[in-house]
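Chain A is fixed; fit chain B onto it per the hints.
Chains A and B are the protein sequences, given in the same order. Under the working numbering, the very last position in the first sequence is 417; numbers go up by exactly one each time. Under the working numbering, the very last position in the second sequence is 718; numbers go up by exactly one each time.
Just so you know, these hints were derived from the structure itself, not from any lab. A hint or two may mislead.
[What the hints assert, rightly or not] Here are the simulated DSS-like cross-link-like pairs (lysine-lysine), alpha carbons at most 25 Å apart as the crow flies:
(1) B:K591 with A:K84
(2) A:K331 with B:K591
(3) B:K654 with B:K617
(4) B:K472 with A:K271
(5) A:K220 with B:K420
(6) A:K32 with B:K659
(7) A:K175 with B:K420
(8) B:K683 with A:K271
(9) B:K522 with B:K466
(10) A:K271 with B:K466
(11) A:K84 with A:K32
(12) A:K48 with A:K84
(13) A:K377 with A:K175
(14) A:K278 with B:K617
(15) A:K269 with A:K331
(16) A:K220 with A:K278
(17) A:K384 with A:K350
(18) B:K544 with B:K472
(19) B:K544 with A:K278
(20) A:K327 with A:K278
(21) B:K682 with A:K84
(22) A:K84 with A:K171
(23) B:K591 with A:K335
(24) A:K384 with A:K359
(25) A:K271 with A:K220
(26) A:K271 with A:K331
(27) A:K84 with B:K683
(28) A:K384 with A:K171
(29) A:K384 with A:K311
(30) A:K331 with A:K350
(31) B:K682 with A:K32
(32) A:K335 with A:K384
(33) A:K278 with B:K466
(34) B:K591 with A:K327
(35) A:K384 with B:K591
(36) A:K84 with B:K617
(37) B:K544 with B:K617
(38) B:K683 with A:K278
(39) A:K335 with A:K269
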Amino acid sequence: MIDNNQLLRFTTAGSVDDGKSTLIGRLLYDSKSIFEDQLQAIEKTSKKKGHEGVDLALFTDGLRDEREQGITIDVAYRYFTTPKRKFIIADTPGHVEYTRNMVTGASTANAAIILVDARHGVIEQTRRHAFIASLLQIPHILVCINKMDLVDYSEDAYNRVIDQFEEFSSKLLVKDVRFIPISALEGDNVVNRSTNMDWYQGAPLLHTLETVHISSDVNKIDARFPVQTVLRPQSESHRDYRGYAGRMASGVLRVGDDVTVLPSGFTSKIKSIDTFDKQLEEAFAPMSVSICLEDDVDVSRGNMIVRSNNKPETSQDIEVMLCWLNKTSSKPREKYSIYHTSNSETAMIKELVYKIDMKTLDRNTNDEVLNMNDIAKVRIRTTKPLMIDSYRENRTTGSIILVNDSTNETVAAGMIV
Amino acid sequence: MSKYYLNYLDELESEAIFVLREVCAQFQNPVILFSGGKDSIVVTHLARKAFHPAKIPFSLMHVDTGHNFPETIKFRDDLISDLGLNLIVGSVQESIDNGRVAEEKGKSATRNALQTTTLLDAIENHKVDCAIGGGRRDEEKARAKERFFSHRDDFGQWDPKNQRPELWNLFNGKHFEGEHFRVFPISNWTEMDVWNYIEKENLRIPSLYFAHEREVVWRNDSWIPCSEFLTLEANEKTETKKIRFRTLGDITITGGIESDADTLKKIVEEVSTMRQTERGNRSDDKRSETAMEDRKRQGYF
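Here chain A stands alone, though its shape is the one from the complex (with noise of 0.2 Å):
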């Protein structure tokens, strides 16, 4: 069975009134991922709270603080899997002061449920997840419009918010938005089929996350390699071997490829790409793979091999789209460290070109300073040029970190424009 399943990941946003624990229950408990000693210990907590029946949302309440206040307040964690996918849910609250978990949780999705209260409509929150996820270009956008059987499963319920939805979303860069109707409390659409809604033709929630394309997802045409270390057994068996370890980032490397190295320029052959298990003739992302080449050149962390014919842009100044990670609000040509695949620099926020007003969306031109779940587009200026690509175009070569050297703290995150 394990095969040939894929792995997808994906991100629930939500507040805590829309359903989405009880939706993370019902797919767990449905998907029978749910073992009796947790089913247990969700219907005593269930009736010490006096609630009827088993709450399934209890199941993803996780820390003691949370459980107390009855809120997530950071990013958990689920996993199931069905006999087609092993699947890994970033689960993360959903309010304006939470858009930095939302942002961590998107980073490594390639699907997001976005839940619609049916009652409800689109409102600010359901606008703010969408634009997180269209920012942080989660490839698959589910739209799951939820309670409706508080709406009498009705038709015209679901094609409104489709309207509303399409209205704003033409706006943003969405590649796949699809809509499902469901109710996470009663069952309908999220692992079985829903016999009350017959106008609905489309598939159910989890048989949707089992088959939507993912294969695309990842950047196959430039070739990405990013040096995490050296490896230099210098044993008997190996006393010459110089192998480059670090993980494909995208694109496709083929033994014979001609490589240029970067920063350096230095041109070479790739020699070998090796394994534990065997020697590869071609390597493609995410495969960690250790690369020899055919000359003697100097090669060290941080930087990238590449294919000459399609080699990155080498900057010191870029624009990013930056969400403000840290409680300590950032400040005008305050320099960090700046982490970009292996490698790390130093970086000055040069200039705050336009901040988002998570609540309009709205684009605001006079602030200096960046505080916590700000997301803003800033000019950066590096010490020495960084290697990169557009986010756009590449989730790996396009993101970055910055770090405060006083207190080591990641501070915030940024896409590369």
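Chain B alone, transformed into the frame defined by chain A:
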């Protein structure tokens, strides 16, 4: 085009190798926390793959409660000599003898909580700046929010509300002197994934995981193995049962399940039909609803 994707197990392996290589690049003195259990065996195997043909650039660290399955210790020593690695042992018995910790009293006394002090002492004494663990997010609710790179302050403590955000595959391991990181390369694996991987790679694991006859006593809803460390209550009697262990820990608290699974294939089949979580047989997690979180805050594995 269709051939250019990995199946999920290969993708998880590749992710773990990436994380282990980041550890090697970002830290001075990392160790693998090795318990002899299946998760730490998988992590050690992944480290072998990550640095092949070079040797694993980490020592193994074992926190020894003194209440061991003899099989685990033999397995550990064989592996160390096969891989030619250095072993660091932190001894709970020594911590007790030195007065660093006091033995718990009462019927359900264990050395489980005492391990934290021994672990933190060993980390400090050996100037370890990164301890790689086999923790998985599916194990327990407090672990569901754990990062790949998890920061610990200079008291070795975990603050779940003040974790560094982790985006894409950009791991920030920057730390001050005296602080360390816990890194979990198999964060995204489930128990099933671990077993499927052990079967696929045909990894050697301690015999305790396979069904075998053993003298046991029924306590806390599972079969606790008889050993020199176990004191029987008046109403308890020992029996010989065919059992196996789903997790391995301190011999006094690790409960077995009745099973006939005596090959890897049978274990994989059995695990896939299990209706109880693997930690359901661990009495250390049953103490309270937030037992794991409370221990983790203090610096537990």
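message: For K220 of chain A and K278 of chain A, compute the direct alpha-carbon distance and say whether it is at most 25 Å.
response: Satisfied, since the Cα-Cα distance of roughly 23 Å is no more than 25 Å.
query: Are the Cα atoms of K384 of chain A and K359 of chain A separated by 25 Å or less?
result: Roughly 37 Å separates the two Cα atoms, so the pair is violated.
query: Does the alpha-carbon distance linking K84 of chain A and K32 of chain A stay inside the 25 Å limit?
result: holds (14 Å)
query: Can the restraint linking K683 of chain B and K278 of chain A be considered satisfied, given a maximum Cα separation of 25 Å?
result: violated (28 Å)
query: Holds or violated: K683 of chain B with K271 of chain A, Cα cutoff 25 Å?
result: Not satisfied, since the Cα-Cα distance of roughly 42 Å exceeds 25 Å.
- prompt: Are the Cα positions of K271 of chain A and K466 of chain B separated by 25 Å at most?
  reply: holds (20 Å)
- request: Below or equal to 25 Å on CA atoms is what counts here, so check K544 of chain B against K472 of chain B.
  value: The hint holds at about 21 Å.
- prompt: Taking only the CA atoms, is the gap from K327 of chain A to K278 of chain A under or equal to 25 Å?
  reply: Violated. K327 of chain A to K278 of chain A sits at ~47 Å, over the 25 Å cutoff.
task: With a cut-off of 25 Å on the C-alpha distance, tell me whether K84 of chain A and K171 of chain A pass.
output: Given that 25 Å is the threshold and the Cα spacing comes to 34 Å, the pair is violated.
- request: Starting from K220 of chain A, check that the Cα of K420 of chain B is at most 25 Å away, please.
  value: holds (11 Å)
query: Within a Cα-Cα threshold of 25 Å, do K331 of chain A and K350 of chain A meet the stated pairing?
result: The hint holds at about 10 Å.
query: Is the Cα-Cα distance between K278 of chain A and K466 of chain B 25 Å or less?
result: Distance of about 11 Å is within 25 Å: holds.
Checked against the numbered hints above, the structure breaks hints 1, 3, 6, 8, 9, 12, 15, 19, 20, 22, 24, 26, 28, 37, 38 and 39 and satisfies the rest.
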